[in-house]
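> Sequence:
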Amino acid sequence: MRNKRVQKASLLLIVAMLVGLLAACSNSNNGGNGGNTPATDKPSATEGNTDDGSQMEEVTLKVLHNWNGSTGADVDMTPVSKIIKEKTGITVEWEYTKGSEVEKVNQIFATQDLPDIYTGPAWGGELDAIIKAAKEDQLVDLTDKLGQYPNLAKAVAKENVPPALYEKAFDAYGGKQFLMYQNHPATPEDANDWLYGFYVRKDIAEKVGVDPQSVKTKDDLYNFLAKIKDAKLEENGLPVIPLGGFHNGWAVGIGNTMFYGSDYIDDGSGKLVNSFFTKQYEDYTLYYRKLIAEGLLDPEAFTQTDPIANEKIKQGRIAVLAAHYPAILDASKDYVKSHPGSDYIPVGPLERAGAAPDRPVDLGIQGNNVTVIPKKSKNVDAALRLLDYLASDEGFLLVRYGVQGVHWDMEGGKPVAKQEWFDKFSADTTGKMKKNEGISIGFESLSGQDRINSVGGGDIWADQTRLDAMAKAREILRPNGVSVVSAFNPGDVIMKAPQWEGMKPAMDKRGDVWKQAVFAKSDEAALKIINDLRGQLNKTGYEEAIAYMNENLQGKEVVTLQMPN
Numbered sequence: 168m169r170n171k172r173v174q175k176a177s178l179l180l181i182v183a184m185l186v187g188l189l190a191a192c193s194n195s196n197n198g199g200n201g202g203n204t205p206a207t208d209k210p211s212a213t214e215g216n217t218d219d220g221s222q223m224e225e226v227t228l229k230v231l232h233n234w235n236g237s238t239g240a241d242v243d244m245t246p247v248s249k250i251i252k253e254k255t256g257i258t259v260e261w262e263y264t265k266g267s268e269v270e271k272v273n274q275i276f277a278t279q280d281l282p283d284i285y286t287g288p289a290w291g292g293e294l295d296a297i298i299k300a301a302k303e304d305q306l307v308d309l310t311d312k313l314g315q316y317p318n319l320a321k322a323v324a325k326e327n328v329p330p331a332l333y334e335k336a337f338d339a340y341g342g343k344q345f346l347m348y349q350n351h352p353a354t355p356e357d358a359n360d361w362l363y364g365f366y367v368r369k370d371i372a373e374k375v376g377v378d379p380q381s382v383k384t385k386d387d388l389y390n391f392l393a394k395i396k397d398a399k400l401e402e403n404g405l406p407v408i409p410l411g412g413f414h415n416g417w418a419v420g421i422g423n424t425m426f427y428g429s430d431y432i433d434d435g436s437g438k439l440v441n442s443f444f445t446k447q448y449e450d451y452t453l454y455y456r457k458l459i460a461e462g463l464l465d466p467e468a469f470t471q472t473d474p475i476a477n478e479k480i481k482q483g484r485i486a487v488l489a490a491h492y493p494a495i496l497d498a499s500k501d502y503v504k505s506h507p508g509s510d511y512i513p514v515g516p517l518e519r520a521g522a523a524p525d526r527p528v529d530l531g532i533q534g535n536n537v538t539v540i541p542k543k544s545k546n547v548d549a550a551l552r553l554l555d556y557l558a559s560d561e562g563f564l565l566v567r568y569g570v571q572g573v574h575w576d577m578e579g580g581k582p583v584a585k586q587e588w589f590d591k592f593s594a595d596t597t598g599k600m601k602k603n604e605g606i607s608i609g610f611e612s613l614s615g616q617d618r619i620n621s622v623g624g625g626d627i628w629a630d631q632t633r634l635d636a637m638a639k640a641r642e643i644l645r646p647n648g649v650s651v652v653s654a655f656n657p658g659d660v661i662m663k664a665p666q667w668e669g670m671k672p673a674m675d676k677r678g679d680v681w682k683q684a685v686f687a688k689s690d691e692a693a694l695k696i697i698n699d700l701r702g703q704l705n706k707t708g709y710e711e712a713i714a715y716m717n718e719n720l721q722g723k724e725v726v727t728l729q730m731p732n
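Just so it is clear: in the sequence shown, position 72 is 239 by the working numbering, and no numbers are missing.
Since the hints were made in silico from the structure, they are not lab data. There's no promise every hint is true.
As the list claims (entries may be wrong) - Listed next, with one range per pair, are the computed distances between beta-carbon atoms:
(1) 303 with 378: 53 to 61 Å
(2) 599 with 509: 47 to 55 Å
(3) 402 with 523: 37 to 45 Å
As the list claims (entries may be wrong) - Keeping only pairs whose Cα atoms sit at most 20 Å apart, straight-line, the calculated DMTMM-like set for lysine to aspartate or glutamate is:
(4) 325 with 338
(5) 543 with 338
(6) 396 with 378
(7) 602 with 497
(8) 676 with 338
(9) 688 with 467
(10) 249 with 270
As the structure is a prediction and not an experimental result, all values here were calculated from the model. No residue lacks a Cβ here, since even glycine has one placed at the ideal position from N, Cα and C.
Modelling step: build the complete structure from the supplied sequences, incorporating the hints.
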């Protein structure tokens, strides 16, 4: 009897060893990482199993990607999505915003039509709405949960969040934690300068005989645009528009940096005031009114959608574009391909109000997404499991580059694109092929700290022509380098003033009022529109709120110069 028990025990041991060996083989041959994922920031969940080895429950989670114009794949399950499901047991159902991000985030909380996971801009009215939802107890309290998810906890550690943003949005709930933070540079080498600016088609600059780098001042820019208009250029029988942008006016208004340095500036007495109340803002408004009145700025720029804007660019009808350079390169590549020499190149660098000529460009480089889990989420643990995996180094590389061994290989510790897929993606000017593989469909917005250079290999899908164009633009627009802004933003402080809630509706109208003013029939009418809103703000406590802001900024380093980024 004893021998039989020993034989049975031995047999069970052998079976267990075989099962373990098979599992190990399966893990080592998984297509998700090929066994070469860096040792740091490992996912807390592997192979769709829980920590005790049991199979994870398969869950479908709805994720709202609150970025206007973002789009997904044409297929239900991409190769990247398949790996994510294998690793976490989770299938993601995406919703993409079409229209105002601020309106969308306010709408979902007002109607309670909430996703399982929300991710969106880490600034402006979008962030304000998320902070409000946290204070109204509409979000999952993560305080006691983040300890189980180290990749998520790392991204919201105080040292990894800009101090003003940390105080405003992360350390604002009596010790509780509701927000997760995405895409903030993990190291200085991961910081991304989007190279916002004005860019002109090279062939048009040559036709009108102007060196774009000779355009330095606001008067230079006006004269340059006027010269383009006077040339009476046409494309396919349609007039070429001197200056244009993308959806809803993005980003034609960036000429404001030639008039004032940031949203809050010194009034000359040492007191900070909102730029909306300054003479500089009036000059900025009247400058743009003149551009529209004289036909130098596309009058549809503030109302058009991205498809309409892109169509104008593809038709070759926009001489100068204002936006960040990657968007311009993407939108113009079809036209450039069929019209060699029509590349968009930088104008300037233009003067910056209040900045010495040799000053490095002041950039607010921070994470671009905050992510939250509404209390109505169907499965909070699954949501956190998904987010922690995506924030791991393995998840980061997967969603940025695709599947290791399929789309890219690890060489010398860095990802390198497979030539086959590099050629396919390069040939596809629509970008749909990349999305159908699962790249750039929204997962990257949930991938924790940005490690694009420290862990990744940079933009491995960018062709050399694009990389050269970015490098050349950087040389022109950043001759003195960049300086990352880490000071306190007065706008974050004024929102804590007792008068803020009463002021906010009028403050939120500034953008719309500016658009009305630049279309006014006269300078006097434009200034009246501005002054009417100033009057509303004064009646709702602006002066008291400004006094509160200045008092609470005493002794702190304050942002007074900042370029868009």
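> Work down the list of hints and note, for each, if the structure agrees.
Here is how each hint holds up against the structure:
1. Between residue 303 and residue 378 the beta carbons are some 55 Å apart, a value that agrees with the proposed interval 53 to 61 Å.
2. Range check, residue 599 to residue 509: about 24 Å between beta-carbon atoms, so the 47 to 55 Å window is missed.
3. Hint check: residue 402 to residue 523, Cβ distance near 40 Å, so the stated range 37 to 45 Å holds.
4. Restraint check: the Cα-Cα separation between residue 325 and residue 338 comes to about 9 Å, which is no more than 20 Å; the hinted pair holds.
5. In summary, the hint linking residue 543 to residue 338 is not supported, as the alpha carbons are separated by about 23 Å, beyond the 20 Å threshold.
6. Between residue 396 and residue 378, the direct Cα distance comes to roughly 16 Å. Compliance with the 20 Å bound is thereby established for this hinted pair.
7. In summary, the hint linking residue 602 to residue 497 is supported, as the alpha carbons are separated by about 15 Å, within the 20 Å threshold.
8. Between residue 676 and residue 338 the alpha-carbon distance is near 28 Å, which puts this suggested pair outside the 20 Å criterion.
9. The suggested pairing of residue 688 with residue 467 holds, with an alpha-carbon distance near 17 Å, which does not exceed 20 Å.
10. For the proposed pair residue 249 and residue 270, the alpha carbon gap of about 32 Å is over 20 Å, so the pair is violated.
When held up to the earlier numbered hints, the structure conflicts with 2, 5, 8 and 10 and fits the remainder.
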